[in-house]
Amino acid sequence: MSLVGAKVLRKEDPNLITGRGQFVDDLSPAGTAYVAFVRSNEAHGRITNVDTAEAVAMQGVLAVWTASDVADLPGLGVPGLERPLLAADKVRFVGESIAVVVAETRAQAVDAAEAVLVDIDPLPASPTIQSAIAEGAAPLDENVGANVIFMLPIEDPDIDPALAAAPRRLSTRMENNRCVPTPIETNVVLADWGPSGLTLWATHQAPHHLRNTVATYFGLAQDTTRVITPDVGGGFGAKINFTPDLFLVPALSRALRRPVKYTQTRSENVLMMYHGRAQEVDIDVGFDDDGSLLALKVDVYQDNGAYADPTGMGLPALTTTMAAGCYKIPKVAVGWKNILTNATPVAAYRGAGRPEAAFYIERIVDMVADELGLDPVEIRRRNFIPEDEFPYATHSEIAVYDSGNFAGALDELLNIMDYPALVQEKAAAIDDPTKPLLGIGFATWLEIAAFGPPGALEGFGHLASWESGQVRVQPDGSAIIYTGASPHGQGTVTTLAQIAADELGIDFDKISVRHGDTATVVQGIGTMGSRATAVAGESVKQAATKVTEKAKLIAAHLLEANPEDIEVNDDAFSVKGTPAKSVPWSEVAWKSFQNLELPEGVDPGSLESTVHNAPPNFSFPSGAYGCVVEIDKMSGDTRVRDMYLVDDCGTVINPLLAEGQVHGGVAQGIAQALYEKMEYDANGQPLTATLVDYLVPGAPDLPTYTSSRTTTVTPNNSLGAKGIGESGSVGAPPAVVNAAVDALSHLGVRHINMPLTPQKIFSLLHEGGA
Amino acid sequence: MIPAAFEYKKAGSADEAIALLTEYGDEAKLLAGGHSLLPLMKLRLARPEVLIDIGNVADLSYVREDGDHIAVGALTRHRDVERSDVLRSALPVLAHVASTVGDPQVRNRGTIGGSIVHGDPASDLPSVVLATGATLVVRGSGGQREIAAADFFVDFLETAVAADELLTEIKFPKSNGAGWSFQKFNRRAQDWAIVGATVVGGDNPGVSLVNMGSKPELSVAATEAMASGASPSDVGAAAADGAANPPEDLSANVAYRRHLARSLVERAVAEASN
Ligand SMILES: Cc1cc2nc3c(=O)[nH]c(=O)nc-3n(C[C@H](O)[C@H](O)[C@H](O)COP(=O)(O)OP(=O)(O)OC[C@H]3O[C@@H](n4cnc5c(N)ncnc54)[C@H](O)[C@@H]3O)c2cc1C
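Read top to bottom, the protein sequences are chains W and F.
No gaps in the numbering here: position 232 of the first sequence is 231 in numbering that gives the first Met the number 0, and each next residue is one more.
No gaps in the numbering here: position 62 of the second sequence is 61 in numbering that gives the first Met the number 0, and each next residue is one more.
Chain W with its partners taken away, still in its complex shape (with noise of 0.2 Å):
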């Protein structure tokens, strides 16, 4: 019986529920010091003095650090761009850590960095990308001396014409909001520096990165450089990248020679972890009376915040390589800049620039269907790339579409929703006082997924891009999986199990997965980029198939038949066409590490083994989204009544894990769209800074999911599996707003930036969309 394909309850979940999960906070070896730091109050400044006196004196301080006290560690980030530990002389957003306090107890600390007085001198901030850019914006950076740190200008010559000779041309602008990822679990930083090495507890998707870049950084050999996330509570790509409490924990531990620790507030996490989205774009379309799309062009502009990550820097690439979305359009042209704000850092947030991709086309595809008074699915459907025309390349080199069936999925959404029903209910809602507006709203997504092939990550500052998997049988037949996948909140320990299961005739109960220890996982790479099942469960698979037939030979040898004959079924093997024949697992297992047990030319301890799978290319889960909002024309208050989701993830692992990721992905894809915006006013305060004003909704507020697949298979890995880990998070914004448009479509609304407050709708149902 296959267990890929089944509904099994995770592996993960008994711990976690009954309160035995190990976090880092959870931690705390003997002698552990603890860190509060000292944060700007202002976006952009002169650090003008900071005096630690009464704080080094107080009770229980072992050392309050400024800048000065790290002058020999190096700024993190991109090459001129650095950002530095502390900072010096210049803070550029509001909660850059100026100092650095370490005591006996964490009430010692918050108490002795508060004793800390900063003088700052306020220069003028830019905290939006148009402030930023606008004329005599002072810049972050005066080594730059610019905003715009990077710009990748639309060169093709041929878009213009192509846009000129349309029949029908349109050119918009649109906003994508800067979010805050919030995982459950803040960031925190564990470090024990002591004669033997470094140890680094810390919460992060990429244990491997983190201990080759911390070895590098410290100059410190990677075999005594160990790195360890243990259980982690949610990262959305926040946890993917470097800040400065990483490497500065470490050097503190070194010099004090204890283990010192630094948990991070909710109020700190929301300023201080990076954010997503974080764009503006222009857009220019070209098209024909039917509604064909003729010529795209797409200027990006994301806002970097304070200080470029370079997987911040990377984002309007990803943004710009799915511009065209599912359609077949002629002439693609894409350019971009990358541009420093008074605001905190911004890096991959779920999707990482897909989303803004799908939300900007899925957006314009609507706005050229009301030009035309064209049904939205209809001009979806005259624009699909065909079934037959994979694999299709696009105007991007990284992207060739491996497979799908767009048609098909619509197909799917409109058999689970009723289009013409509430189509008509729509039209009836108008004019009765006691019903709310309805609008209906479609996304046909696809996005970029199963970060694995060679390059993919490497200039991203990651090793390569393969994902490890490694089988090791234990003597007693049962065996553990180690990944260098690391999960957080995602399920892999199932999925692989799962997969794993299936390859080597074990029991899935006698499977374990193991993750997120350098010292106990080969090499690895992390969680990220919808890799983990279609990269890393591949390499299981593959590992797990080498390791059944070492197996074989070894039962082979004990059931006196042909290696070719033996099969592998419930933890047993057996001779084909005499079931009767057969040697347990355990006995193989047991045998395979007694010399005098085996076959000629099988080395005792043979059943391991560890496979580096790199897949050949991107995959490109894609999916139908459609959504019917709901519109209170008193308040302008909006809520999803109804969300219907038709996702193409190739071969799905684990069906309830697999919906667990849209429906998480959807949630968070409802909040950009209605709820979630970081805010900052003129000065660069955040005016959004705790959960009371960040609004993150809960499960009162979302509706009920109803789900539906399709399945193109990819070619990429044997599994066949895409990846579907942040599928919701891209097709869920703009079917929403899609859906918001339409609902007030007849008052000549046409474009609504998110998040869709009840204020703003308000305005636009009472001053009729002027």
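Bear in mind the hints are in silico, worked out from the structure with no lab data behind them.
Don't take every hint at face value.
[Stated by the list, open to error] Simulated DEER-style distance windows between Cβ atoms:
{"#": "1", "chain 1": "W", "residue 1": "Glu766", "chain 2": "F", "residue 2": "Leu156", "range": "47 to 57 Å"}
{"#": "2", "chain 1": "W", "residue 1": "Ala52", "chain 2": "F", "residue 2": "Leu156", "range": "47 to 57 Å"}
{"#": "3", "chain 1": "F", "residue 1": "Gly176", "chain 2": "W", "residue 2": "Lys434", "range": "26 to 36 Å"}
{"#": "4", "chain 1": "W", "residue 1": "Glu53", "chain 2": "F", "residue 2": "Leu156", "range": "26 to 36 Å"}
{"#": "5", "chain 1": "W", "residue 1": "Pro13", "chain 2": "F", "residue 2": "Glu145", "range": "17 to 27 Å"}
Even for Gly, the Cβ is constructed at its ideal location relative to N, Cα and C.
Knowing the structure of chain W, use the given hints to seat chain F with the ligand on it.
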């Protein structure tokens, strides 16, 4: 999220709490459910030197019928208010409003007295105190006094309770079957109100607003309009126009707030008159 150091005292009774308040004066703060005070302390926006914990003063947690009114002990948790059979039949508006406060954790800890003495214009329960014309019983070293709801809320986070006084009881007039309505406009199920309104009908009508000024406010104009039999929309307009100083924030500017107040009061009056 660690408060500044403080001294912790536990009061076993109201008298003990008053004695401690008298001893420590301005340096001390009472701690009831802690769900308003502790967040402020953790953000170090409040830093009392002494905390007098009255959370376990059991004899201040009760709901009793007492002639023409209902007496609610100041230490009664929101959850107990929400579930009180006495309130559900004799003053359903109070039980209902308590059920809309925050989430179950907040309601299990927060107390009605804490909510009222905190005096937050965005809090829900003071609007019931105002709309019903309740009386607040406070006790201090100088003895006990009663304060009318209309005189109780002084300014932003400031009430008529003196530093050495304790709110012990709230006396709500029974509703005697009069209509009522509570309207709370918020974005997430467990949020504070962006704007809210409590309306009670009957012989002594009252209209009060949540988050429409610097303190919990009775809308005098709307209450008078209602008493004179004005239409729901006129009462709504009186409430919206009568709010002297609506706050402005990311959720709502002044014009939108007034619009919400008008509509919510209109809706509430219609509901309370049914
Ligand atoms: C997440 C969250 C959501 C919330 N949502 C809502 C909401 O939707 N609506 C709403 O109305 N409220 C809400 N609240 C506030 C909640 O209702 C509080 O419990 C309440 O406002 C304060 O009551 P407390 O018992 O917790 O008071 P405490 O926090 O203990 O005290 C508050 C203040 O009152 C003083 N005090 C307390 N009791 C007395 C007394 N008997 N005599 C004199 N002074 C006293 C204290 O010294 C302190 O200054 C929320 C709180 C949280 C944390």
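>> Checking each numbered hint in turn, tell me which of them this model violates, lowest number first.
In response: When the structure is compared with the hints, numbers 1, 2, 5 turn out to be violated.
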